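Colleague: Those protein sequences? They're chains A and B, same order as listed. Each residue of the first sequence is one higher than the one before, counting from 2 in the numbering used here. Each residue of the second sequence is one higher than the one before, counting from 2 in the numbering used here.
Just so you know, the hints here were simulated from the structure itself, not pulled from any lab data. The reader is advised that the hints may include incorrect statements.
Note that the list lumps identical chains together, so a pair holds whenever it fits in one copy or between two copies.
With a straight-line Cα cutoff of 25 Å, these simulated SDA-like cross-link-like pairs (lysine to any residue) come out [as the list claims (entries may be wrong)]:
id, residue 1, residue 2
1, Lys44, Pro233
2, Lys138, Pro122
3, Lys153, Thr88
4, Lys153, Asn213
5, Lys14, Lys101
6, Lys225, Asp173
7, Lys18, Gln237
8, Lys138, Ser240
9, Lys23, Ile234
10, Lys14, Ser240
11, Lys118, Thr88
12, Lys138, Gln235
13, Lys118, Thr87
14, Lys14, Glu56
15, Lys118, Pro89
16, Lys48, Pro203
17, Lys196, Gly69
18, Lys153, Gly85
19, Lys101, Gly85
20, Lys23, Gly145
21, Lys138, Glu239
Since the structure is predicted, the reported quantities are computational estimates derived from the model, not experimental observations.
Residues per chain are reported as follows:
2 protein chains.
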Amino acid sequence: MERIISNQNARVKAWAKLSTKKGRQENHTYLLDGLHLVEEAIKAGAKFHAIMVTEKQMADYLPNVPHGVPAFEISEEVAKHIAGTTTPQGIFAEISLPEKTFDPSYVHDGAWLLLDKIQDPGNVGTLVRTADAAGFKGVVLGSGTADAFAPKVVRAMQGSQFHLEVLNGDLDEWVDALTANNLPVYGSQLNEEAKSYRDVEPSTQFGLIVGNEGQGMSNELAAKTTANLYIPIQGQAESLNVAIAGGILMFSLTLGN
Amino acid sequence: MERIISNQNARVKAWAKLSTKKGRQENHTYLLDGLHLVEEAIKAGAKFHAIMVTEKQMADYLPNVPHGVPAFEISEEVAKHIAGTTTPQGIFAEISLPEKTFDPSYVHDGAWLLLDKIQDPGNVGTLVRTADAAGFKGVVLGSGTADAFAPKVVRAMQGSQFHLEVLNGDLDEWVDALTANNLPVYGSQLNEEAKSYRDVEPSTQFGLIVGNEGQGMSNELAAKTTANLYIPIQGQAESLNVAIAGGILMFSLTLGN
């Protein structure tokens with residue numbers, strides 16, 4: 002097995018570039034950091050391009066590597082460099098980005114979460130993980146939303162990208178298509194005159210839009226939803242974190258409120 | 002007004018030290034970063050020790066400073082240094098830590114959130130903000146939980162520390178005291194045999210414990226709760242982020258489920 006100890010190595014440079022959107026789009030791959038994610042990817046049959054393991058982790062992890070995947074031993078220094086963190090576990094994989102086109106006009110069932118300009122990577126990842134836990138069929142990232150395969154998003158998703166659809170899409174098109182296919186589409190607003198989320202009949206077939214941390218969802222989208230929902234604030238906080246609001250709405254809309 | 006441009010200035014060194022727990026405990030103060038927090042502190046009548054503003058923000062912000070508070074003009078470089086971030090707004094305040102002792106045996110009403118070894122500062126801050134929004138009376142941070150006045154916690158709380166009690170406490174004592182005072186105490190567990198959170202009668206008088214990101218709440222605490230609650234997972238995610246789980250529980254227990 003090739004042993005790589007220099008951050009100047011061409012492979013290391015290529016892996017480090019996967020932390021940028023440009024790097025991921027040029028290579029059509031992204032990086033998984035940590036045993037849990039690598040195991041989830043193996044279970045999901047993801048397409049592996051490489052597995053990288055530090056000497057310390059070698060004995061434990063290497064037996065599970067799928068046959069035929071190029072494996073590399075990397076130094077601790079290289080591990081920190083490609084992780085962009087100071088305490089990586091010491092196991093990584095480079096896998097293919099999902100490459101599918103997805104036409105919302107064929108969507109006739111399931112619960113779908115639409116993200117309108119959610120900027121914080123942790124929020125995006127946590128929303129995907131929560132949508133998975135709430136039994137959603139997919140999450141659609143509109144323009145202006147953090148890239149689904151950025152390192153901080155991948156960390157927060159905790160492997161949920163292997164359990165449900167995680168797609169880029171035009172939210173305008175999605176709202177129109179879901180509505181045309183008789184799925185209600187709910188917006189979310191910090192507006193006491195909007196409908197209380199507790200007054201919606203629970204269901205497993207709908208779209209739910211959550212919007213930007215500071216601005217909320219766009220007025221254009223809000224104007225074409227079936228209803229816009231409000232979470233009543235009891236205390237003096239001005240608002241909820243968008244991932245918290247999304248979590249409360251997703252569980253209430255699917256399980257009942 | 003004194004103008005400070007060097008990170009070697011004694012005041013700047015002292016402000017920078019407030020990013021550590023040791024620094025905060027020695028000074029009995031902590032730092033607010035950004036206009037929103039400073040305004041919340043003014044509104045709440047917090048005890049100010051200093052206000053620091055960059056030249057760029059001076060004209061807008063300075064008129065609101067409470068009379069008698071020492072005000073300093075700081076350079077952009079100093080602002081970045083004390084913020085520990087690259088893009089601070091350019092307005093800070095040093096205010097007193099809350100200095101109160103709080104005996105849980107006097108607590109006879111309200112909803113109280115108990116944090117058992119929550120390590121991530123963003124989770125702690127978001128949980129406090131969400132407890133505020135759900136109308137909770139206070140949040141008790143047990144040992145092993147991130148410090149409430151660490152910069153990342155303060156950022157995520159978004160001023161909620163001025164709206165409800167944020168206390169350090171011995172969770173064992175709190176559970177005993179709340180129980181003795183006839184408030185039910187709910188734990189939370191990733192255990193399908195626990196009680197579904199949807200089967201709890203909504204109320205405004207109870208304790209709710211959420212536990213460590215990886216380990217959950219301690220067995221000792223779980224053994225003495227009124228009931229331990231479970232959020233049913235519909236998809237393939239293994240768990241929910243603790244702040245999301247806390248948000249779902251807090252809103253469901255207070256508003257109804």
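Colleague: Determine for every hint whether it applies to the structure shown.
Modeller: So, going through the hints one by one against the coordinates:
1. Lys44 - Pro233: between (41 Å within a copy, 23 Å between copies)
2. Lys138 - Pro122: Within one copy only: 21 Å inside, 31 Å across.
3. Lys153 - Thr88: Answer is both; intra-copy 14 Å and inter-copy 19 Å each pass.
4. Lys153 - Asn213: Both, since 18 Å and 20 Å are each at most 25 Å.
5. Lys14 - Lys101: neither (27 Å within a copy, 53 Å between copies)
6. Lys225 - Asp173: So Lys225 and Asp173 pass the 25 Å test inside one copy only (9 Å; across, 51 Å).
7. Lys18 - Gln237: Intra 44 Å, inter 30 Å, cutoff 25 Å: neither.
8. Lys138 - Ser240: between (27 Å within a copy, 17 Å between copies)
9. Lys23 - Ile234: This pair counts as neither: shortest intra-copy Cα distance 40 Å, inter-copy 35 Å.
10. Lys14 - Ser240: neither (42 Å within a copy, 34 Å between copies)
11. Lys118 - Thr88: between (30 Å within a copy, 20 Å between copies)
12. Lys138 - Gln235: between (31 Å within a copy, 11 Å between copies)
13. Lys118 - Thr87: Only across copies: Lys118 and Thr87 sit 22 Å apart there, 30 Å inside one copy, limit 25 Å.
14. Lys14 - Glu56: Only inside one copy: Lys14 and Glu56 sit 20 Å apart there, 41 Å across copies, limit 25 Å.
15. Lys118 - Pro89: So Lys118 and Pro89 pass the 25 Å test across copies only (22 Å; inside, 29 Å).
16. Lys48 - Pro203: For Lys48 and Pro203, the Cα distance exceeds 25 Å both inside one copy (37 Å) and across copies (47 Å).
17. Lys196 - Gly69: Neither, since 54 Å and 46 Å both go past 25 Å.
18. Lys153 - Gly85: Answer is both: 10 Å inside a copy and 19 Å across each meet the 25 Å cutoff.
19. Lys101 - Gly85: neither (28 Å within a copy, 41 Å between copies)
20. Lys23 - Gly145: Result: close within a single copy only, 15 Å intra versus 40 Å inter.
21. Lys138 - Glu239: between (31 Å within a copy, 16 Å between copies)
Hints 5, 7, 9, 10, 16, 17, 19 from the earlier list are contradicted by this structure; the remaining hints agree with it.
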